[in-house]
Amino acid sequence: MAEEAILHIYRGNNDKGEMVEYRVPVQPGMVVLDAVHAVQAMYSPDLAVRWNCKAGKCGSCSGEVNGKPRLMCMDRMDKYPAGEPIVIRPIKSFPVMKDLATDVSWNYRVNKKIPPFQMKPVATSLRDADAKSAGSESRRDSATAEPRFSQEEADRVQEFRKCIECYLCQNVCHVLRDHEKHEEFGGPRFFVRVASLEMHPLDCGDRLELVKDQLGLGFCNITRCCTEVCPEHIHITDNAIIPLKERVVDRFYDPIKKLLRIVFPKA
Amino acid sequence: MDKYQTFEYDVVVIGAGGAGLRAAIESSANGAKTALVCKSLLGKAHTVMAEGGMAAALANVESRDSWKTHFRDTMRGGKFLNQWRMAQLHAQEAPDRVRELESWGAVFDRTKDGRILQRNFGGHTYPRLAHVGDRTGLEMIRTLQDKGIHSGIDVHMEVTIRWILKDGNRVAGCFGYQRESGRFVVYKAKAIVLATGGIGRSWEITSNSWEYTADGHAMALWAGADLIDMEFVQFHPTGMVWPPSVRGTLITEGVRGEGGVLLNGKRERFMFNYIPDMFKGEFAETEEEANQWMAQTLAGERPTARRPPELLTRDVVARAIRREIRDGRGSPHGGVFLDIASRRKAEDIKKKLPSMYHQFKELADVDITTDPMEVGPTCHYAMGGVRVNPETQESTVPGLFAAGEVGGGMHGANRLGGNSLSDLLVFGKRAGEHAAKKAKEVSQGTINADEVNRVAAEALKFFGDEQGENPYAIHEELRLMMQSLVGIVRTDEDLRAALAKIGEYRARAAKAKVGGNIQYNPGWHLALDLKNMLDISEAVTKAALERTESRGGHTREDFPETDKEWGKVNCVVRQNKDGIQVVREPRPPMPAELEELLKKD
Ligand SMILES: Cc1cc2nc3c(=O)[nH]c(=O)nc-3n(C[C@H](O)[C@H](O)[C@H](O)COP(=O)(O)OP(=O)(O)OC[C@H]3O[C@@H](n4cnc5c(N)ncnc54)[C@H](O)[C@@H]3O)c2cc1C
Ligand code: SF4
Ligand code: SF4
Ligand code: FES
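Sequence order for the protein chains is A and B. Number 158 in the working numbering belongs to position 158 of the first sequence; there are no gaps in the numbering. Number 1462 in the working numbering belongs to position 462 of the second sequence; there are no gaps in the numbering.
Some hints here could point you the wrong way.
Cβ-to-Cβ under 8 Å is the rule here; a few derived chain B residues that face chain A [what the hints assert, rightly or not]:
id	residue
1	1105
2	1511
3	1515
4	1516
Within a straight-line C-alpha distance of at most 25 Å, the following computed DMTMM-like cross-link-like pairs (lysine to aspartate or glutamate) qualify [as the list claims (entries may be wrong)]:
id	chain 1	residue 1	chain 2	residue 2
5	A	79	B	1367
6	B	1345	A	46
7	A	79	B	1371
8	B	1112	A	84
9	B	1531	B	1167
10	A	92	B	1180
11	B	1351	B	1367
12	B	1513	A	46
13	A	112	B	1100
Just so you know, these hints were derived from the structure itself, not from any lab. Even glycine gets a Cβ: it sits at the ideal position worked out from N, Cα and C.
Please model the complete structure; the sequences and the hints are all you need to start from.
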């Protein structure tokens, strides 16, 4: 009685591979990842695919479904026309390891270039005034005095911190996908990461030179493709990239500000 | 053995969730050359999925809170079987671990005066869970990950450890395979920290991912370590029930913490009928009072009304839901309703529970701001785990440490929501510190090449031309069986039947066959993992058979009462030449001042 779905799945590695057809029964509410799992259970236990949460929270299951970048665990089968093959491929911007699993280690290398969070010295006035009620019963190291900031300040970076590192934005950005500038360009994911640190209410690091020179922010020409695919609906371009570009311009290209900085280095 | 790639470290941490990352950071900070090994990519461990929050008596929202109340709540939630010293250290140190996370860049939701906001959760007397909407785990793992990669740790991703190697009585290293290449690797180490998480993949309906195949539990057992409290498996009251594709997927307790109520198929708010004696007088007994508590809490007042019974501990709520469903008062798809739509404004729901909103909208076509969710119990968390020294997290095998969900003792018979994330940090740090210390005290052991070769040969036996079963089929049967015979409610007869089945699956699993080759082959990986799942399923079943009473996450239909005598002992599981054995061991005596805390009203 169950309906059947026709899947065309990439099988192979980075050098060679083919599209293989499979047929699996469809259940109500089924997602593409379920169909891939059904193929593993029914036909091909060695089909490689990554997943963890099956609820859009871990960013493991990125793929291209009918040419569109998707989290396969959030991609409903009933969205696709019944009876027509659904084409499932690994994401294109990274080398295929096997089948649907790609080598995304480059992203981890880029991330490592970004200097980590650096806590501002918390002014005494910001510290918990009445530590007696909060911490007297609990042990408390002095290194962790309590900083304060508002929810509004938190909101701004919490948007960026929602990123689940699915790398779908990296996958669609033409600077990586078509121009393969992996050496000079960090990609939207890492602009989001830098923004989450630069706009952090407690951070005192400085990553503008890095984002300009090593992460190649200038290559981005604001096409907004990354924002469109982000499953976390992060406004990558408007809220992370453009403000970073403005900061870079202010710092490195605004002649008056530059002069002021030479004269009054602390201003 | 020389044919295998070999690494040498002071400390190897197996697992890169909250516990493993925290342990590795601490180990490295204490001067040990440290490796962090994980099955998935970095940042994808179970911890990333944690939703509701991290429990710590910061007392930001309710100044009356203190470690003492947190300790008391934890012990009562665990039905007093917890190792008291772990519960005490946890309650005392959790606030510092949360603040430390903030000092490493975590951005928690804020109170009006700019401090870390805390929310209500089941079993916690006061609002206590530091959180970030409903994605607290993501915040935690990302913060630790970004700290960790700059801490001089070597990260080995997509490597599965299969076996702990010993030199005599002590740890000498571990053996595993790289998932992509399929190649075997040997790690020499002076100390090992297990931080491998849980065991839920042996049940049909579960919130747990493919990683939860009980690897760490099994490796510890095989290495001769004791496991403790294995009969206690937590079924979270609220998993999704429809559509089938998402059955078991978690709905955070935060929904109830934010005011959500449970209704049966007749739309009755049934939890008032299930308040256990132990909690009588502490919870609202009428809807009116529960609503008043809600109104006061939302207004930011200190509530004078008592808490709604939806905030009872998970074991109680899960059993109540099961009862409603069994007695024919379920929802259309065999669950009950969880309603927040009628309790909170749409914009608040989207703000405080964004991923729940998204999850239901995308996967179940339900808008939780206008309609109730359908929910039912889902296998969620292993209270049982490796028995450790509470101060150092060292197991009964010298040099083998354990922290996080794979560790046992902290939560007793039932874990309170939010107590896992704090547990990861408190005991992850301790494990890392003491593993590094151990590494300073001892030299590298000698790896036994025969042992390595034997484990390697065993792993490869699943390839070959002979006919054999697909491991997926055996796994599926195991899951169905454990769900029906070793689920929320157990009987002697069912448990014995389960043991027989486990024996049968074991014989079949030994002869399973997989196609393809050793490269990135999930079928092969599953064939290997079946052994872990079967051994730990046996451990759970035997411990459950032994405990002839009902307590926390262990309910015996044939022994429905909680028995005082059983409250004095823990079940310890160990393996010897006769197989997997269960023994009863008396709980360590608690100091009088802590006993006093438990008595207090
Ligand atoms: C959906 C969901 C929501 C939750 N929400 C909350 C919450 O709000 N609050 C709370 O306190 N708790 C919550 N929990 C529970 C909590 O998240 C987990 O108990 C906790 O994250 C476990 O952390 P861990 O560090 O012990 O292990 P994990 O985070 O699971 O990490 C295990 C690590 O071990 C690795 N590993 C496993 N086996 C091997 C092997 N053989 N070789 C190498 N590596 C291996 C894995 O790859 C992984 O890196 C939730 C759980 C779930 C499933
Ligand atoms: S907006 Fe910039 S970063 Fe985003 S896809 Fe376009 S070019 Fe790439
Ligand atoms: S920014 Fe969005 S699309 Fe890019 S990795 Fe993060 S979640 Fe994925
Ligand atoms: S499996 Fe986690 S996002 Fe799809």
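Structure-based check of each hint:
no. : hint               : verdict
1   : 1105               : holds (3 Å)
2   : 1511               : violated (15 Å)
3   : 1515               : holds (6 Å)
4   : 1516               : holds (3 Å)
5   : A:79 with B:1367   : holds (18 Å)
6   : B:1345 with A:46   : violated (48 Å)
7   : A:79 with B:1371   : holds (22 Å)
8   : B:1112 with A:84   : violated (54 Å)
9   : B:1531 with B:1167 : holds (23 Å)
10  : A:92 with B:1180   : holds (18 Å)
11  : B:1351 with B:1367 : holds (14 Å)
12  : B:1513 with A:46   : holds (11 Å)
13  : A:112 with B:1100  : holds (21 Å)
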